[in-house]
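Participant: Chain residues, written in single-letter form:
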Amino acid sequence: DAKTTQPPSMDCAEGRAANLPCNHSTISGNEYVYWYRQIHSQGPQYIIHGLKNNETNEMASLIITEDRKSSTLILPHATLRDTAVYYCIVRVAQTGNQFYFGTGTSLTVIP
Amino acid sequence: GAVVSQHPSWVICKSGTSVKIECRSLDFQATTMFWYRQFPKQSLMLMATSNEGSKATYEQGVEKDKFLINHASLTLSTLTVTSAHPEDSSFYICSARASTGYNEQFFGPGTRLTVL
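These protein sequence lines map, in sequence, to chains A and B. Adding 1370 to a residue's 1-based position in the first sequence gives its number in the numbering used here. Adding 14 to a residue's 1-based position in the second sequence gives its number in the numbering used here.
Because the hints were derived from the structure by calculation, they are not lab data. Warning: the hint list may mix true and false statements.
[To be verified] Here are the simulated distance ranges between beta carbons:
no., chain 1, residue 1, chain 2, residue 2, range
1, A, S1395, B, P54, 39 to 49 Å
2, A, M1429, B, K55, 24 to 34 Å
3, A, K1439, B, S23, 37 to 47 Å
4, B, L40, A, S1411, 15 to 25 Å
5, B, K28, A, T1426, 45 to 55 Å
6, A, D1381, B, S87, 37 to 47 Å
7, B, P100, A, Q1412, 39 to 49 Å
[What the hints assert, rightly or not] Only pairs whose alpha carbons sit at most 20 Å apart, straight line, appear in this in silico SDA-like list of lysine to any residue:
no., chain 1, residue 1, chain 2, residue 2
8, B, K69, A, K1373
9, B, K55, A, P1377
10, B, K55, A, K1422
11, A, K1373, B, E73
12, B, K55, A, T1473
13, A, K1422, B, E73
Note that CB positions come from ideal geometry on N, CA and C, so glycine has one too.
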């Protein structure tokens, strides 16, 4: 079962930062937070993951609260191609551990 | 790197026939592959976990005799939908986890199955 809660939809103006929240209040100490996105009719695309420290890569930044009960994915300058469903997933980073997808957030970037 | 392919990308079949979908990791070895199903406007639902050289582990409610999974090599897993019915029409997606210790999974582009 998915252990995360995300708003069903969000809008963001093109060029502005998109901040996507995720609640994972029951996260365990050894569970990572992963973010994926799915553009319509494609397979999910990995974005970023983290344990407790904030993370940044070429796609996005991940901010995890100190108590680890919530996190925010930040797309610093949203483009129209960032329109997608964004999934926040928590799981233990071990071989064979499955991903259980929640309902995700449908982000629409508006011109 | 870390590319996963699926074949075919779409397939249309008649009710009662069987359909095989291939999932390949192109540039890495995957001891574990996963199969998901996604209905329109819904999230991905994990169907089964496939480990190379052993039997797949199915999620609760997924019929193992209907959805046959074979993971015969470190780069190939297949899902066969047997005796397909219109309610099996869906978007089937596989993912693969590298053997070298990456934490993330890499997803294929998906296969659209339509059963008439």
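Participant: Among all the numbered hints in the text so far, which are the ones the structure does not match?
Facilitator: 1, 7, 8, 10 and 13
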